[in-house]
Amino acid sequence: NAGVTQTPKFQVLKTGQSMTLQCAQDMNHEYMSWYRQDPGMGLRLIHYSVGAGITDQGEVPNGYNVSRSTTEDFPLRLLSAAPSQTSVYFCASSLDRGFNNEQFFGPGTRLTVL
Amino acid sequence: GNSVTQMEGPVTLSEEAFLTINCTYTATGYPSLFWYVQYPGEGLQLLLKATKADDKGSNKGFEATYRKETTSFHLEKGSVQVSDSAVYFCALSETASNTGKLIFGQGTTLQVKP
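These protein sequence lines map, in sequence, to chains A and B. Heads up: the first sequence begins at 1 in my numbering, then just goes up one per residue. Heads up: the second sequence begins at 115 in my numbering, then just goes up one per residue.
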């Protein structure tokens with residue numbers, strides 16, 4: 001199993017550009033989520049999905065869109081990049097939304113917006 | 115709302131020293147508690163967890179006890195190694211909202227010197 005994979009590893013954007021961060025998992029997990037990690041702030045939830053075709057907003061959703069057309073993939077779209085979106089982005093998955101479940105994290109995407 | 119507070123870092127120790135990283139939480143209901151570890155350049159991975167009061171989670175020589183009376187989940191290890199150098203995150207799962215969401219502390223960086 002590859003686990004949770006993310007691409008790209010690094011990305012530099014100019015303000016106003018759009019892009020998609022890719023996330024895939026091969027563990028047949030129902031639950032997937034996106035977090036951003038900023039210094040001194042831990043990880044904050046952007047969007048999550050409890051299954052194919054179902055998505056919902058997390059703590060900091062503004063400026064981001066998601067979709068979940070398959071169980072495996074959960075891309076994160078930045079519509080019009082802003083410097084405030086400079087961060088490290090982590091995708092995670094777990095078996096389901098159960099609160100005891102371990103979440104598996106991808107290696108992260110480091111995004112810089114100029 | 116729910117929150118997690120960790121001790122400020124970085125924590126610098128010599129090899130074989132005793133480690134404590136403090137974590138306290140505020141939550142409604144009965145959350146599960148987790149410690150995740152992030153090694154340099156990698157995503158987060160689960161270190162240990164506890165799902166109810168007085169449970170002790172343990173793994174790789176680390177342990178933490180779910181203390182409901184003090185709302186704490188402090189991480190301890192009797193003898194740290196250089197390979198334990200990483201960022202440690204305390205987290206809780208929101209049980210009331212049924213979203214699968216994790217609330218993270220800000221992270222504590224541990225540096226172990228030979």
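It is possible that part of the hints are untrue.
Said to hold, decoys possible - Just the calculated beta-carbon pair ranges, DEER-fashion: (1) Gly192(B) to Thr70(A): 27 to 37 Å; (2) Ser69(A) to Ser193(B): 29 to 39 Å; (3) Thr142(B) to Asn1(A): 12 to 22 Å; (4) Asn28(A) to Thr119(B): 42 to 52 Å; (5) Glu130(B) to Gly40(A): 27 to 37 Å; (6) Met19(A) to Thr223(B): 46 to 56 Å; (7) Gly98(A) to Thr119(B): 20 to 30 Å; (8) Leu79(A) to Leu127(B): 23 to 33 Å; (9) Ser80(A) to Pro228(B): 25 to 35 Å; (10) Arg77(A) to Pro228(B): 26 to 36 Å; (11) Pro228(B) to Arg44(A): 16 to 26 Å; (12) Gly175(B) to Pro39(A): 42 to 52 Å.
Said to hold, decoys possible - On the chain B side, residues computed to face chain A include the following (Cβ under 10 Å): (13) Asn136; (14) Thr138; (15) Thr140; (16) Thr142; (17) Glu208; (18) Gly214; (19) Phe218; (20) Gly221; (21) Gln225.
Read the hints as simulated data drawn from the structure, not as lab findings. Glycine included, C-beta positions come from ideal geometry on N, C-alpha and C.
Hints, verified against the model:
no. : hint                              : verdict
1   : Gly192(B) to Thr70(A): 27 to 37 Å : 45 Å, violated
2   : Ser69(A) to Ser193(B): 29 to 39 Å : 49 Å, violated
3   : Thr142(B) to Asn1(A): 12 to 22 Å  : 36 Å, violated
4   : Asn28(A) to Thr119(B): 42 to 52 Å : 35 Å, violated
5   : Glu130(B) to Gly40(A): 27 to 37 Å : 30 Å, holds
6   : Met19(A) to Thr223(B): 46 to 56 Å : 30 Å, violated
7   : Gly98(A) to Thr119(B): 20 to 30 Å : 25 Å, holds
8   : Leu79(A) to Leu127(B): 23 to 33 Å : 44 Å, violated
9   : Ser80(A) to Pro228(B): 25 to 35 Å : 48 Å, violated
10  : Arg77(A) to Pro228(B): 26 to 36 Å : 45 Å, violated
11  : Pro228(B) to Arg44(A): 16 to 26 Å : 35 Å, violated
12  : Gly175(B) to Pro39(A): 42 to 52 Å : 28 Å, violated
13  : Asn136                            : 15 Å, violated
14  : Thr138                            : 14 Å, violated
15  : Thr140                            : 14 Å, violated
16  : Thr142                            : 13 Å, violated
17  : Glu208                            : 7 Å, holds
18  : Gly214                            : 3 Å, holds
19  : Phe218                            : 4 Å, holds
20  : Gly221                            : 6 Å, holds
21  : Gln225                            : 16 Å, violated
Violated hints for the displayed structure, listed by number in ascending order: 1, 2, 3, 4, 6, 8, 9, 10, 11, 12, 13, 14, 15, 16 and 21.
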